[in-house]
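Novice: Chain by chain, the residues:
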Amino acid sequence: MGAFTITELVDTLRESAGEDEDITLDGDILTVTFEDLGYDSLALLNTVSRIERELGVRLPDGAITEANTPAELLDAVNNTLAETV
Amino acid sequence: MSVSPAHHANRTEADLRVAPVITGLGVLAANGIGVEEYWAAVLSGESGLAEITRFDPAGYSAKLAGQVDADFSALPNRLMPQTDHMTRLALLAAAEAFEDADVDPHQLPEYAAGVITGASAGGFEFGQRELEALWSKGGEYVSAYQSFAWFYPVNSGQISIRHALRGASGTVVAEQAGGLDALGKARRNIRTGTDLMVAGAVDGSLCPWGWLCQIRSGRLTDATDPAAAFLPFDRRAAGHVPGEGGALLIMEHPEHVARRGVDPVHEVHGVLAGHSATFDPAPGSDAPSGLRRAIEQALRDAGISPREVDVVFADGAGVPHLDAAEATAIAEVFGPRGVPVTVPKTMTGRLLAGGGPLDVATALLSIRDGVIPPTVNIERPAGHPIDLVRDTPRETPLTTALVLARGHGGFNSAVVVRRAA
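Chains as they are written, first to last, in this note's numbering: chain A, 624 to 708; chain B, 4 to 424.
No lab work stands behind these hints, which were simulated from the structure alone.
For glycine and all other residues, C-beta sits at the position ideal for the given N, C-alpha and C.
Just so you know, nobody snuck in bad clues.
Covered, in the sense of this in silico footprint (three residues per stretch, anywhere, with C-beta under 8 Å from a C-beta of chain B), are these stretches of chain A:
no. : region
1   : 637 to 651
2   : 660 to 673
Far from chain B, some chain A residues (derived; all Cβ distances over 10 Å):
no. : residue
3   : VAL633
4   : GLU689
5   : ASN691
6   : THR692
Below, simulated SDA-like cross-link-like pairs (lysine to any residue); rule was C-alpha separation at most 25 Å, straight line:
no. : chain 1 : residue 1 : chain 2 : residue 2
7   : B       : LYS140    : A       : GLY679
8   : B       : LYS140    : B       : LEU215
9   : B       : LYS140    : A       : PRO683
10  : B       : LYS140    : A       : SER672
11  : B       : LYS140    : B       : ARG57
12  : B       : LYS140    : A       : GLU675
13  : B       : LYS140    : A       : ARG681
14  : B       : LYS140    : A       : ARG673
15  : B       : LYS140    : A       : GLU631
16  : B       : LYS140    : A       : LEU682
17  : B       : LYS140    : A       : ALA686
18  : B       : LYS140    : A       : THR635
19  : B       : LYS140    : B       : PHE154
20  : B       : LYS140    : B       : SER150
21  : B       : LYS140    : A       : ASP684
Construct the entire structure; sequences and hints are all you get.
Specialist: Next up, the structure:
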């Protein structure tokens with residue numbers, strides 16, 4: 624299985640938590656905080672549970688609260704994927 | 004900003020008796036989305052009742068409903084994964100009401116505005132989908148938004164968040180009477196310190212789970228002809244057709260209306276002059292139903308006599324013994340055929356908590372235009388001593404309307420609205 628990419632993350636965010644009309648997710652958002660992207664903790668919970676389901680992995684407790692940006696969440700997901708292999 | 008939420012300490016004795024002004028209306032029903040579309044449909048006797056298409060009703064005894072299929076593209080995309088159909092409808096109604104009142108709640112002091120909605124169940128369609136995911140696939144397939152999206156006060160919560168309403172807020176549950184009680188509770192909040200309230204109810208749960216719950220009440224008709232299905236005060240009455248939708252009102256302290264430069268007489272819909280809620284006696288008791296008491300107390304609360312009421316919007320259960328009880332209560336207070344009575348919900352179905360506030364909105368439009376909307380499809384009146392406005396609208400000057408609602412389990416509620424003066 625390849626690495627989980629920002630494109631896949633943005634798709635999952637859109638499906639699980641919608642998209643703020645005033646914020647574009649298409650640019651370079653890797654280091655923009657989820658808060659600035661319009662996503663609260665419940666939106667992230669919904670998104671992460673969808674990622675876990677689709678990839679068949681389980682992120683460690685605290686992964687959601689510790690990941691403040693897409694880059695940090697991608698790291699958490701990909702580290703877990705690497706450990707699972 | 005530091006604002007004490009307990010600014011009701013500044014309220015005077017006069018505030019505790021003040022009649023709130025209704026400055027905005029937001030309406031959705033099966034025969035019209037938005038105030039003017041709905042009102043035009045009601046005056047032309049246009050019904051929205053039809054066979055359910057939201058799901059396949061083939062396996063159920065009841066097949067008709069007043070379904071509201073609205074365009075939700077005006078709502079923020081971010082809210083779509085976290086809202087049930089009825090919450091989306093409520094958000095549309097709240098936005099229309101604010102626009103109609105021409106007020107931006109984001110510009111008000113932090114605790115100056117609140118929201119009270121009536122509810123009967125909650126977001127059942129959302130809840131059913133997630134519970135199906137839980138038992139068929141497992142907990143990891145359940146949306147995190149299930150935590151609140153199916154919860155009965157969810158409409159108050161989402162309206163509060165979207166419009167920054169941080170003043171005294173809540174939800175009232177009294178089955179089909181709850182929407183009127185929400186207006187009564189909002190009035191109390193205005194009297195004790197919240198300048199502006201969003202109040203009313205938008206309800207509905209057209210999904211197999213919600214449908215089964217409603218059928219179990221024993222009060223739904225099995226009829227399949229939409230024009231001969233929901234027939235309150237008709238000899239053929241055999242239950243009601245449920246619908247979805249309702250109305251949300253903007254209610255304000257009259258001084259708040261004046262402060263923001265709105266003429267509290269000529270630029271508003273009217274005033275909430277009276278409200279009362281009662282319970283019926285226990286089943287098997289010989290004591291009379293609580294409806295008459297609710298009517299009398301609401302009139303007393305409004306400081307008016309029965310003679311001053313120009314029209315009654317009846318609950319209109321469409322169940323023979325309930326129709327008889329309501330007709331009796333109305334005739335006892337107003338005299339036989341003493342006041343025009345109408346049931347426009349024959350065109351929308353009974354909207355759970357949403358029905359009462361929709362009737363209040365309709366009553367205010369009736370007062371505005373001097374016309375009583377009709378009760379449709381009543382071809383064989385059951386002979387009750389009431390002056391039922393049938394088939395076509397009746398034009399007549401109107402100042403005061405009484406709206407009645409009853410909820411399964413013994414709830415009665417009555418509201419008096421008047422032209423602002």
